[in-house]
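Trainee: Spelled out from the first residue to the last, the chains are:
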Amino acid sequence: MKVGIVQFPGTNCEYDTQHAFAELGCETQILWHKEDTIASDTDLVVVPGGFSYGDYLRSGAIAKMSPIMKALKIYADNGGKVLGICNGFQVLAEIGLLPGALKRNEGLHFISRHHHLKVVNNENEFLRFCKTDQVLNIPIAHHDGNFYIDDAGLKELYANNQVLLKYTDSTGSIDNPNGSVDSIAGICNRAKNVFGLMPHPERAMESLLGSNDGRAMLEGFINA
Amino acid sequence: MKAIVNVFLKNGVLDSQGKAVLHALSGHGFGTVSDVRVGKQIIIEMNESDETAAKEKVAHMCEELLANTVIEDYEIEIQA
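Line order of the protein sequences matches chains A and B.
Take the first sequence: its position 191, counting from 1, is numbered 191 in our numbering, and each next residue is one higher.
Counting from 1 along the second sequence, just add 224 to a position and that's the residue number in our numbering.
Don't take every hint at face value.
Said to hold, decoys possible - Incomplete in silico selection of chain B near chain A, CB under 8 Å:
#1 Val237
#2 Ser240
#3 Gln241
#4 Gly242
#5 Leu289
#6 Asn292
#7 Val294
#8 Ile295
Hints in this document: simulated from the structure, not taken from any laboratory.
C-beta atoms are modelled at their ideal positions from N, C-alpha and C, and glycine is treated no differently.
Just chain B, same shape as in the assembly:
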């Protein structure tokens, strides 16, 4: 089973990297870009057969290590 974890800065926490990318895109003629957020994706291979159990474990991993919940939110997608 595979877990895809996306980690992004929370809404309201300034994403300096996203802003820098936005300015770069706008400056290169991509004028329709209105916002950019930069995050990270963590792909985890697991020996799990139960999707709910896997998701629960990955959520625990996020709380313990993968995200800093003071400044970041995370989303988990489980793939069979």
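Looking at chain A on its own, in the form it has when it is part of the complex:
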């Protein structure tokens, strides 16, 4: 299983992500943003968290113009699997691989803490080892995680089972930290090969460090 991990200037979760997938037995490779091809034997490309280009203009806006993103668009359009975590989710929304946009958190604060998430739909490769309504404990760390989509777009997300994760409390009741529409924390595209979420599953790989709930999420991609 080969995992490519995209690196922009300002990315800061690439090595955590690399460690997480190495733990799961994957061969990993960092893909510098100036590269313009993605090897055809790559099984998954992760756009990791961080602050690509300092979040200048808008989070993810400048990153979407880079050569690796043009290659990633082609890779995804051909059915390649892509996961965007945090800033990676913002980049994927900016380039249009995922619907909607990520706005400034409603309370205007950067939020960095563990948060609970509820699995809304597991009929996809990402969450196939999680149960519907299962509550996961995963860290969040973002300033612009306020997911926005218009009413028509939201309806379409539900109709196609593209809403994957919602922010909740430990009992699974909605607990929205950032103002996201319907408390949405993670979605996928219609074809279910591009996934994006604001929380950081790669930071929840060891119970010693607070939670290992991220493991079940990332394992979904292994030998899928």
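Given chain A, put chain B in place with the hints provided.
Mentor: Positioned in the frame of chain A, the structure of chain B alone reads:
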């Protein structure tokens, strides 16, 4: 030629920063303020002589990069 681009959140998309500024102003005695919107201004210097061509190029820049049209509107003003 100079292009002034103003980018704002669309009507109907909650402008949290605008709301925070509104509350701060109201709390400091500016009771007549009824709404505040916070946006950004991008000033572009261009080697263009034709105003229409310049405006067209800047509109393209807005669609490609300067604005996220899912949540933002933009206005372009060209100055000679």
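Trainee: Decide, hint by hint, whether the structure agrees.
Mentor: Hint check results:
| no. | hint | in the structure |
| --- | --- | --- |
| 1 | Val237 | 6 Å, holds |
| 2 | Ser240 | 5 Å, holds |
| 3 | Gln241 | 7 Å, holds |
| 4 | Gly242 | 11 Å, violated |
| 5 | Leu289 | 6 Å, holds |
| 6 | Asn292 | 5 Å, holds |
| 7 | Val294 | 4 Å, holds |
| 8 | Ile295 | 5 Å, holds |
Hint compliance for this structure: hint 4 alone is broken.
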